[in-house]
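S.K.: Single-letter residue listing:
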Amino acid sequence: MFTQQLINGLTLGGVYALIALGYTMVYGILELINFAHGEIYMLGAYLGIIFLAFFTAIGLTAYSLPLALVLTFVLSVIFCSAYGFTIEKIAYKPLRNAPRLSPLISAIGVSIFLQNYVMLTQGATDKIFPNLFEKAGIEFIGTRVTYTQIFIIAASAVLMLFLNLFITKTRMGKAMRAVAQDKVMASLVGININTVISATFVIGSGLAAVAGLMVAVYYGLVNYSIGYTAGIKAFTAAVLGGIGSIPGAMVGGILLGLIESFSAAYISSEYKDAYAFIILIIILFVKPSGLFGKTQEEKV
Amino acid sequence: MSRFTASPFFIALWLALLFLPFKGFKAAGILFIALFAAVSLLKVFKNYLNRDSDHYFINILRIAVKIYGRCPYLKLRSIALTLLISGLVMALPFYWDDYKIDIAVLAGIYIILALGLNIVVGFTGLLNLGFVAFYAIGAYSYALLNTKLGLGFWASLPLSVMLVTLSGFILAIPALRLRGDYLAIVTLGFGEIVRLVLNNWDSFTKGPNGIGGIEPPHIFGMQISSLGHFYYFVIIFVLLAVFIIRRVAASRIGRAWIAIREDEIASSSIGINTTAYKLYSFAFAAFWAGLAGVLFAAKMQFVSPESFTFMESVLILCMVILGGLGSIPGVILGAIILVMLPEMLREVQLYRMLALGSGLVMLMIFRPQGLLGGKGVSFRS
Chain Z
1 MFTQQLINGL TLGGVYALIA LGYTMVYGIL ELINFAHGEI YMLGAYLGII
51 FLAFFTAIGL TAYSLPLALV LTFVLSVIFC SAYGFTIEKI AYKPLRNAPR
101 LSPLISAIGV SIFLQNYVML TQGATDKIFP NLFEKAGIEF IGTRVTYTQI
151 FIIAASAVLM LFLNLFITKT RMGKAMRAVA QDKVMASLVG ININTVISAT
201 FVIGSGLAAV AGLMVAVYYG LVNYSIGYTA GIKAFTAAVL GGIGSIPGAM
251 VGGILLGLIE SFSAAYISSE YKDAYAFIIL IIILFVKPSG LFGKTQEEKV
Chain R
1001 MSRFTASPFF IALWLALLFL PFKGFKAAGI LFIALFAAVS LLKVFKNYLN
1051 RDSDHYFINI LRIAVKIYGR CPYLKLRSIA LTLLISGLVM ALPFYWDDYK
1101 IDIAVLAGIY IILALGLNIV VGFTGLLNLG FVAFYAIGAY SYALLNTKLG
1151 LGFWASLPLS VMLVTLSGFI LAIPALRLRG DYLAIVTLGF GEIVRLVLNN
1201 WDSFTKGPNG IGGIEPPHIF GMQISSLGHF YYFVIIFVLL AVFIIRRVAA
1251 SRIGRAWIAI REDEIASSSI GINTTAYKLY SFAFAAFWAG LAGVLFAAKM
1301 QFVSPESFTF MESVLILCMV ILGGLGSIPG VILGAIILVM LPEMLREVQL
1351 YRMLALGSGL VMLMIFRPQG LLGGKGVSFR S
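Chains as they are written, first to last, in the working numbering: chain Z, 1 to 300; chain R, 1001 to 1381.
Because the hints were derived from the structure by calculation, they are not lab data. Keep in mind that a hint or two might mislead.
As the list claims (entries may be wrong) - Derived CB-CB ranges, DEER-like:
hint, chain 1, residue 1, chain 2, residue 2, range
1, Z, D126, R, I1063, 50 to 56 Å
2, Z, F151, R, I1170, 43 to 49 Å
3, R, A1038, Z, F285, 22 to 28 Å
4, Z, S268, R, I1253, 41 to 47 Å
5, Z, R177, R, R1177, 26 to 32 Å
6, R, V1089, Z, F262, 53 to 59 Å
7, R, F1009, Z, K174, 49 to 55 Å
All C-beta atoms in this analysis are idealised placements derived from N, C-alpha and C, irrespective of residue type, glycine included.
Excised from the complex, chain Z in its bound form:
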């Protein structure tokens, strides 16, 4: 029971962490809670189903399953990144100098739009992701771990590692950190802020797409409304770790996954979705800066 919940929690946590990274990166740079981020994750799950169905229809899946899966993966990520890029250009860029709550309301608008956009084009009923991997897995200290779970945990770990390398080692990563610290100073030393912001949205959306795909494979069911709950939970994870902090989002995501899985198992599963909110409210009251965040002084 305990190890089972641990594995479930880690799987869930990996997914939350990947979405939380997008929230935290955007917040770090624009100080905007990107409400539409959860919808990008939902789009990722849908695009995965759509592309896989397309490849099955043209016979690629029968010819080579791994090739079809890799193509599905790559295409979904590219499309989601493009969506993230476009959303920023249309809904947030014109509001960059507007009062702070304007982009937040605009983001809520985007979120409503995307949910209904998918509902109208893909139908309101659940979509089924083809069960490709059966429920195969390995026995591990008396616990069944499916290959999907192993894949999710491994893939999130690898992606987080790469993101960390990207942020700390590359020129673009450095530029991102500079813009997060001070936009004006960064532009004075020759950093193109628009490019950096676009890059942030592209990377964040790509990570959300991966999370969406993995959830589609894991649960086998996708609905147009999954983005909202997942988005709120991932946001909670980002706040738990300290919003704006990338390692914080990773730790926060995994912690939240574990908390949710254990409390659903040991306390009550009826309130499964409420735990995230309760944790969120508690953190915001007790330590709004989160585990890894820095407290910000309010400036006049």
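Take the given structure of chain Z and dock chain R to it, following the hints.
M.R.: Same frame as chain Z, now just chain R:
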């Protein structure tokens, strides 16, 4: 390159490509043509505006906007028009069928809700995304008091409203320590928790099945059960809300709220107790949401958690923003538009949320102050 990427052709192609996987080639093709036409037109119009801004057509537009900007203010104050409007409002039930009156009653309830939310968001500048929680608490407390304890409408009303105001205080005391968008998220969480509790506490709230058989109100021993009577009943409460909120907004408290909205640090430095006034604002807004909730429960004679989702909070917020933050006539107009419009456009109802979403984005970009909003309304965190 940037000239090419900004061309209507490229924009339309890009968006159509994004749309492609969701509905196939044919729909994407149609979308491409529609977008190409729309973006081109927009471009032409924009060029036209930029090239000769002294053009007489533009001047007419400008004057029209000016008149439009002043009109509602003058109109609403002119007695003749007020009388006309009130006469119309009073006479409507005689000409309308039940279906239309039903929508009008709903619009009245939403007006009270939107006026309440306007106190927090419009006057005080605090974004509350869980406003529907107070509405839910109001509706459920009347439902429970009535079905479990047998209390009537008039006995339950003060109790329910007091309970809601108290819950507004309880949420506000800790929440107000937070800055702008964090506050928004905490209120959202509060709204969700309330809904989840209503949904899962089966023994008390009957869970997703909801509570039925709620008694409609009585006046002088007469039961208000027909829709026409309920229409007038709701109008009395709407007028009460408008009157009281206007008076409070013009008072010392209201002016303190607006000062906090405009600059919190400056207002605290001139001696306004910002925490206390924010608290009043939260509780006062919750009061109206609770009243609306009681009315809703009395009208529907049935409540279930389905009526109190996050989308409902967003819808109320849209009413406030569409009408104009901080403007009472604006908020009333916003509520009426957003309740009536989807009913009038029944055939395209599927697209109503789509339009609501994109409408919010466009409103924020092109007219953040809303239809009747005044100048100087700004959010600060």
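S.K.: Hint by hint, note whether the structure agrees.
M.R.: Evaluation of the provided hints:
The supplied range of 50 to 56 Å is met by Z/D126 and R/I1063, whose beta-carbon atoms lie about 55 Å from each other. Against the hinted window of 43 to 49 Å, the Cβ-Cβ separation of Z/F151 and R/I1170 comes to about 45 Å, which satisfies the hint. Here the CB-CB span from R/A1038 to Z/F285 is close to 47 Å, at odds with the stated 22 to 28 Å. Between Z/S268 and R/I1253, the C-beta spacing of about 42 Å keeps the proposed range 41 to 47 Å intact.
Range check, Z/R177 to R/R1177: about 29 Å between beta-carbon atoms, so the 26 to 32 Å window is met. For the hinted restraint 53 to 59 Å between R/V1089 and Z/F262, the CB-CB distance of approximately 57 Å keeps it satisfied. In this structure the hint that R/F1009 and Z/K174 lie 49 to 55 Å apart at CB is violated, the actual value being about 36 Å.
Going through the hint list in order, the structure does not satisfy hints 3, 7.
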